[in-house]
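Use the sequences and the hints to build the structure in full.
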Amino acid sequence: MMIKKFETVRQDLYRRYGHACAPTAIDSILEGVIAEHTSTAKIPNFLAVFIARDAAELIEDHIWASGRIGTPRKRIHFSSAGSPSQAAFAAAAALKLSDQGVIATADAVHPENPADLKLEWVLDERGLEAPQRRLPAKGERALEVAEVVVLMGAEDAPDFPGRRHVRWDLQDDLDVSLEDIRDLCDDIEMKVFDLLLEMGIPLSAHATRPMLAA
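Going by the UniProt record's numbering, 171 is the number at position 171 of the sequence shown; the sequence numbering is gapless.
There's no promise every hint is true.
Cross-link-like lysine-lysine pairs, in silico, PhoX-like; alpha carbons within 20 Å at most [stated by the list, open to error]: (1) 74 - 96; (2) 191 - 96; (3) 5 - 42.
If you anchor each label on the Cβ, the simulated ranges turn out as follows [to be verified]: (4) 100 - 210: 13 to 21 Å; (5) 47 - 169: 41 to 49 Å; (6) 15 - 47: 18 to 26 Å; (7) 190 - 164: 14 to 22 Å; (8) 186 - 36: 49 to 57 Å; (9) 176 - 7: 38 to 46 Å; (10) 167 - 39: 40 to 48 Å; (11) 99 - 175: 30 to 38 Å; (12) 167 - 99: 20 to 28 Å; (13) 66 - 126: 34 to 42 Å; (14) 127 - 36: 43 to 51 Å.
Because the hints were derived from the structure by calculation, they are not lab data. A quick note: this is a predicted structure, and the numbers were derived from the prediction, not measured. Note that CB positions come from ideal geometry on N, CA and C, so glycine has one too.
Written out as structure tokens, the structure reads:
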């Protein structure tokens, strides 16, 4: 029962190290750390943070000992002031351009805004798949700090922690043609490409920088 309380930590470790470490190894390391901490903890408030930190260190040691590089994937969070489809497209582009080398999440500043069907058409047209990962609840977000939070047309930072925030000015996606949406997607994809380069994220062998129409 105690181990289930740290399921968020487990899922976070899978996302960070699952590309280089077997889930069974992550489970074994995490369960050992949980047992050690819960047997000695006097103040449980920050127990999950300490467990996540110590488990991550041991997993990295395990990966290095196995001859693999244990660098965790960086997180990028995209937050759109317009339709949620803009942020979903950016996250999908980040995953494809990096060959799943980052953790990408997306949300909308105004979640009541409807999805943009034309933008979702282009998403499918380009063979992109929006990330389905559930965003963490507010109380869980201390473990989900993004390397970069991208504000897409937004002035205010969303309720999502990030080491750095960048703002992108984008064309409005309301009442525009499908061709205009394709141009918007080119702009988003170009910005994502440049951001990945700036962050030092290795790009897919097939990744190319989109060119905007004159």
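Structure-based check of each hint:
1. Under the criterion of a C-alpha separation no larger than 20 Å, the hint pairing residue 74 with residue 96 is consistent with the structure, at around 15 Å.
2. With a C-alpha separation of about 14 Å, the suggested pairing of residue 191 with residue 96 holds against the 20 Å cut-off.
3. For the hint pairing residue 5 with residue 42, the CA-to-CA distance comes to about 17 Å; that is within 20 Å, so the pair holds.
4. Separated by about 20 Å at the C-beta atoms, residue 100 and residue 210 satisfy the suggested range of 13 to 21 Å.
5. The hinted window of 41 to 49 Å between residue 47 and residue 169 holds, with their beta carbons roughly 42 Å apart.
6. Distance hint check: the CB atoms of residue 15 and residue 47 are about 20 Å apart, consistent with the given range 18 to 26 Å.
7. Taking 14 to 22 Å as the suggested C-beta distance range, the pair residue 190 and residue 164 conforms, at roughly 19 Å.
8. Range check, residue 186 to residue 36: about 51 Å between beta-carbon atoms, so the 49 to 57 Å window is met.
9. Evaluation of the 38 to 46 Å hint for residue 176 and residue 7 yields a pass: the beta carbon distance comes to about 42 Å.
10. The hinted range of 40 to 48 Å is satisfied by residue 167 and residue 39, whose Cβ atoms lie roughly 47 Å apart.
11. Checked against the hint of 30 to 38 Å, the C-beta distance between residue 99 and residue 175 comes to roughly 35 Å, which is consistent with it.
12. Restraint check, residue 167 to residue 99: a C-beta distance of roughly 27 Å satisfies the suggested window 20 to 28 Å.
13. One distance hint, 34 to 42 Å for the beta-carbon pair residue 66 and residue 126, holds here, with the actual separation near 36 Å.
14. Roughly 45 Å separates the CB atoms of residue 127 and residue 36, a value that falls within the hinted 43 to 51 Å.
In this structure, none of the earlier numbered hints is contradicted; all agree with it.
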